[in-house]
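For this one, chain A is given, so just place chain B on it according to the hints.
The lines below spell out each chain.
2 protein chains.
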Amino acid sequence: MSRLLAIAAAQLGPIPRTSSRGEVLSRLIELLRQAANRNCQLVVFPECALTPFFPHWWIDDQAEIDSYFETELPNPETQPLFDEAARLKVGFCLGYAELVCDGEQTRRFNSTVLVERDGRIVGHYRKVHLPGHCEHRPGNPFQNLERRYFEPGDLGFRVFSAFGAKVGMLICNDRRWPESYRMLGLQGCELVLMGYNTPRHYPEYPETDRLADFHHRLSLQAGAYQNGMWVVAAAKAGNEEGVDQIGGSMIVAPSGEVVAESTTLRDELVVHQCDLDACQTYKQGVFNPRSRHPEHYGMITQNIEQ
Amino acid sequence: MSRLLAIAAAQLGPIPRTSSRGEVLSRLIELLRQAANRNCQLVVFPECALTPFFPHWWIDDQAEIDSYFETELPNPETQPLFDEAARLKVGFCLGYAELVCDGEQTRRFNSTVLVERDGRIVGHYRKVHLPGHCEHRPGNPFQNLERRYFEPGDLGFRVFSAFGAKVGMLICNDRRWPESYRMLGLQGCELVLMGYNTPRHYPEYPETDRLADFHHRLSLQAGAYQNGMWVVAAAKAGNEEGVDQIGGSMIVAPSGEVVAESTTLRDELVVHQCDLDACQTYKQGVFNPRSRHPEHYGMITQNIEQ
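Chain order of the listed sequences is A and B. Read in order, the letters of the first sequence are residues 1 to 306 in the numbering used here. Read in order, the letters of the second sequence are residues 1 to 306 in the numbering used here.
In isolation and in its complexed conformation, chain A is listed as follows (with noise of 0.2 Å):
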């Protein structure tokens, strides 16, 4: 048996701070048109696709703060997006940062929404696992501030019915951590839809500068062969504002093998035609729920001090 759903990952060179909405939602489009002309029925953009990736920098003023975010998707200036991929029936997963007004309350996060072919969303995650810092380090060649402008996902990892397949979102972080994959594994995830903004420099430990590449392929592969699923990462690559970012946006099987990968830093697709039932052969198999062994893993669910 083979379920196949055509796929591309749509990796975005870096996008000017001078960047009006419209030039970036532009780019989108562009790359929407091309992989419905290579037949793909869905797209996965980067983490915050809509805009620069600001956490990069220190901003003081709440109101530029806020101008990176959306209050709500579809609005005015990404509705040309929605129309356009439900005219080419092409579903999208697209990064943005969310504004939420709840009541007196605001509150931010770093989120992905996943839309059907038909154009209506039908899945929504906000990303859990918040990299960097929430000070200003002056000291830094540039800055991590997603602590400060975010708040952890408060949805968990849910897994929908799209596609004709059990889809999953992460973003960026997040793949690196197996509980992330795991959960949803144990959901019957098949696919799983990601984007990054990945900086090359760490400026913490530089001395792992030279492996981003590496640890960013480890942590999809192993999260793909460990629940057997379909993985899809989509990069926001090259030199944004002073800070270089690693591409390697890629498709990986369920059985870990990389299917498909960029080979440029600016804006490109990764496409593959993936046989959803492939999933089956390592969800039955060695990674089959039966063969866990959950009396084991308390320490995993436990705040633990070290």
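A portion of the hints provided could be inaccurate.
Which copy? The list can't say, so a pair holds if one copy fits it or any two copies do.
Stated by the list, open to error - Below 20 Å or equal to it, Euclidean Cα-Cα: the simulated EDC-like pairs (lysine to aspartate or glutamate) are: (1) K283 to E305; (2) K89 to E116; (3) K89 to D118; (4) K166 to E305; (5) K283 to E207; (6) K283 to E204; (7) K283 to D209; (8) K166 to D277; (9) K166 to D275; (10) K166 to E116; (11) K166 to D118; (12) K89 to E30; (13) K283 to E257.
Keep in mind that the hints were calculated from the coordinates and are not lab data.
Okay, now just chain B, sitting in the frame of chain A:
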């Protein structure tokens, strides 16, 4: 800072069914001496290192099954290994089949002991994740009867203070499960020791045969990186009684990099001087326990029916 510990993974080639315990012991002692000559302080032997891997055969006679087990360690047959190790001041980790007479109940485990440089047993582990099946599958070219001959380990994943490090042990199929590494990592483990017997052919899922080495390597690398631990893995390699087993004994750094690896399917030492302080880059950095979100990991400790 650096805390250096020279370690050898002692790969074994096949052990014929006709080998006596004494003949096997001679091979282990020879590897131990070679390791001492290379200034190693710790030698890791494979899973069930004293015998051929008998779960590959259906055996009816319980007395014959039990002839592959040890009722205590050291015993008269294995004492020479313990004596020579203490004389050389080299510690070791040894996989064996463990028979426990617990009152009227007899219990059997797939186990490992950790022996310090003075000959004392300082750690003990019983394999949690038993692969394979209980029933005879005569249509298969060989059996995988660990679930018939052993019960799952009842000691959990513990960390021992030994060799100036925090040391954990896993056995074979445990290494594919991220939960195994995480349980050790959450206890501050710096060094994971494991042996394995891994057939190249998976009778139920032959489409994965070509990936046996890749999946082995991927699992070790991900476990090391995602917990900032050294991983030392020793194979029983080559064709043992008609069953082809992978080699690939290796030492993996906390970065996930393979720093030493076997090049044969025979008795062979794989040696590296491991800096235990190299763990801190990952334990304090990207995988700092404070960055976990166990409030979203709940299903991992539940029994999930799919």
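Taking the hints in turn, this is what the structure says about them:
no.: 1; hint: K283 to E305; result: between (33 Å within a copy, 12 Å between copies)
no.: 2; hint: K89 to E116; result: within (8 Å within a copy, 65 Å between copies)
no.: 3; hint: K89 to D118; result: within (6 Å within a copy, 70 Å between copies)
no.: 4; hint: K166 to E305; result: between (35 Å within a copy, 16 Å between copies)
no.: 5; hint: K283 to E207; result: between (36 Å within a copy, 14 Å between copies)
no.: 6; hint: K283 to E204; result: between (38 Å within a copy, 13 Å between copies)
no.: 7; hint: K283 to D209; result: between (34 Å within a copy, 16 Å between copies)
no.: 8; hint: K166 to D277; result: within (11 Å within a copy, 42 Å between copies)
no.: 9; hint: K166 to D275; result: within (13 Å within a copy, 43 Å between copies)
no.: 10; hint: K166 to E116; result: within (13 Å within a copy, 49 Å between copies)
no.: 11; hint: K166 to D118; result: within (18 Å within a copy, 55 Å between copies)
no.: 12; hint: K89 to E30; result: within (15 Å within a copy, 67 Å between copies)
no.: 13; hint: K283 to E257; result: within (16 Å within a copy, 27 Å between copies)
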